[in-house]
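Using the hints, position chain F against chain G.
Chain by chain, the residues:
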Amino acid sequence: MSEAPLLELRGVSKRFVKTLDAAAKIARRLGANVREEVVHAVDGVDLAVRKGEVVGLVGESGCGKSTLGRLAAGLHPPSAGRRFWKGREVDALPPEEQRRVQLAIQMIFQDPYASLNPRMRVVDIVGEAAVVHGLVVREVQRDYVAECLGRVGLDSSLLRRFPHQFSGGQRARIGIARALAVRPEFLVCDEAVAALDVSIQAQVLNLFIRLREELGLTYLFISHDLGVVRHLSDRVIIMYLGRVVETAPTAEIYAQPNHPYTQALLAEIPRLDLRHKTFVAIRGEIPSPLAPPPGCHFHPRCPHAMPRCKIERPVLREIAPGRFSACHLNDAPAGVAPSAQTEVTA
Amino acid sequence: MSPMSRREFIKRLGLAMAALALVRCKLPRPKTETARDRAREALVRVGIAAPDERLMAYPHQCSGGMRQRVAIAIALINRPDLVIADEPTTALDVTIQGQILAEVQKLCRESGTALIWITHDLAVIAGLADEVCVMYAGRIVEHGTVDQVLDTPLHPYTRGLLDSVPSRNRPGAPLRQIPGMTPSLLRLPEGCAFRERCARATETCLSEPPLYPLGDRQVRCFHPIHAEDEEPVV
Chain G
9 MSEAPLLELR
19 GVSKRFVKTL
29 DAAAKIARRL
39 GANVREEVVH
49 AVDGVDLAVR
59 KGEVVGLVGE
69 SGCGKSTLGR
79 LAAGLHPPSA
89 GRRFWKGREV
99 DALPPEEQRR
109 VQLAIQMIFQ
119 DPYASLNPRM
129 RVVDIVGEAA
139 VVHGLVVREV
149 QRDYVAECLG
159 RVGLDSSLLR
169 RFPHQFSGGQ
179 RARIGIARAL
189 AVRPEFLVCD
199 EAVAALDVSI
209 QAQVLNLFIR
219 LREELGLTYL
229 FISHDLGVVR
239 HLSDRVIIMY
249 LGRVVETAPT
259 AEIYAQPNHP
269 YTQALLAEIP
279 RLDLRHKTFV
289 AIRGEIPSPL
299 APPPGCHFHP
309 RCPHAMPRCK
319 IERPVLREIA
329 PGRFSACHLN
339 DAPAGVAPSA
349 QTEVTA
Chain F
8 MSPMSRREFI
18 KRLGLAMAAL
28 ALVRCKLPRP
38 KTETARDRAR
48 EALVRVGIAA
58 PDERLMAYPH
68 QCSGGMRQRV
78 AIAIALINRP
88 DLVIADEPTT
98 ALDVTIQGQI
108 LAEVQKLCRE
118 SGTALIWITH
128 DLAVIAGLAD
138 EVCVMYAGRI
148 VEHGTVDQVL
158 DTPLHPYTRG
168 LLDSVPSRNR
178 PGAPLRQIPG
188 MTPSLLRLPE
198 GCAFRERCAR
208 ATETCLSEPP
218 LYPLGDRQVR
228 CFHPIHAEDE
238 EPVV
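Chains G and F are the protein sequences, given in the same order. According to this note's numbering, the first sequence is numbered sequentially starting from 9. According to this note's numbering, the second sequence is numbered sequentially starting from 8.
Incorrect hints may have been included.
[Claimed, not checked] Restricting the straight-line Cα-Cα distance to at most 16 Å, the calculated cross-link-like pairs of lysine to aspartate or glutamate (EDC-like) are:
hint	chain 1	residue 1	chain 2	residue 2
1	G	K285	F	D154
2	G	K285	F	E138
3	G	K33	G	E44
4	F	K113	F	D88
The set of hints was computed from the structure by calculation and includes no laboratory data. It should be emphasised that the depicted structure is a prediction, and the values quoted were computed from it without experimental measurement.
Next comes chain G alone, as it looks inside the complex (with noise of 0.2 Å):
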């Protein structure tokens, strides 16, 4: 690991806050107890992804995946912590190389109606941004636009059309032209396949696939579907309420989860090969980012929760070379460990 990382977050946080409207500002000068509400949706997240690499990052709804990823692509500005790009501090960059980061980080957005503008044709949807920022000139952009839709399957005959005259699977694969006509190197996939079903799914995955080999991309895949993201990453990160509990290759993850959530995810998923399962539900729903338990976010919901789990926050920490998980039984004396725990140490 002597070169540094494509791209890498330390300890970056994103806090939402809810400002009060004139009719609370006055009910809090009156004495009245209203306070502003923050929620944090990404609390402190190191991230570190290397080239080429397919990093796949797994969690509930409202847990801050897809802040995190807008984090990554450097759509939202983070409330706290640093972003690096190729060993280097973004913000301290001179503004031209900072917009050259910023094409070379592309995000495909999560749903595909809602994502390109009904009221451009394809042909201005996918080339607008490569003449904008002058990679070609408006008088080759039918050209340019033909061999980018080429490229993720679709026939250059379709360059006059509005996104409505699209199916699904069409709409996921102009998203990911637009985003490539910029020649990205790192894509930031935010449940990109998630709107779509099994046959068209499995269609844009191998475009993914594809697409890696071909321009040597880099992934951060967000989705909540865990059979996607074995298929496609090297390494899963799983967040629960805004914070990383558990990091892995993927293949260990999936064969041996050290965090609770994790078992407790993976236990969830319905399988093929499992016939007339009785279902039995997890308990209790995630909590609110808006109050989080304390301690450890899990708490509430974990089978194994400790009175230590309820005050201090589990630190993410390496538990075996280059899985880390954060969780306060690895701190635990053998023989008070859980089974999947002991697994994992011996």
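For chain F alone, coordinates are given in the frame of chain G:
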């Protein structure tokens, strides 16, 4: 359907549910109280912790999983014999999906309610269903028990669907995919609708295949996949 749009936004849940009970059945008097009790009972059955408080809550005060459970409770309020659920867990996370599946399964087993579960998630079908119908372009192309359909699919389309599931493929390798796109329902090809995407298609497929009975199963294909001429599904 998505749990967000399913709920009437501006009504309190209890009001919406009780109104439903009032409209749909002949309730014993006093009507309002009985309707309210029915609504409360339905919420308890889907495992909502504090039903009295929830009856007075607005939909936006409930989480996605809670809303979906209320949607199921509304379906149950008139004690139906059959529930039709259209993609009820597609918008939800795995943990919440697990909760909903557990509740639905319990209801079917305890009260004998029949269930039609419409979904594109084959893994959920595997765990939940007894029988499966596979549809393509407006027609049922295969029908059998869940073990039959998932272990030895007869129709090439079913086979293609199963093969494209990531867990049935080697990690990192390209997924086996069905070529082409679903045909537009306005311009269906002549004969078998799956013909143009099918590796087994011949000239026979230019006429429309009937739904053949095959033992206790049914398949709409002239060239169904037989166990002997195809390697079993991994």
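Going through the hints against the structure:
no. : hint            : in the structure
1   : G/K285 / F/D154 : 13 Å, holds
2   : G/K285 / F/E138 : 14 Å, holds
3   : G/K33 / G/E44   : 10 Å, holds
4   : F/K113 / F/D88  : 15 Å, holds
Hint compliance for this structure: no hint is broken.
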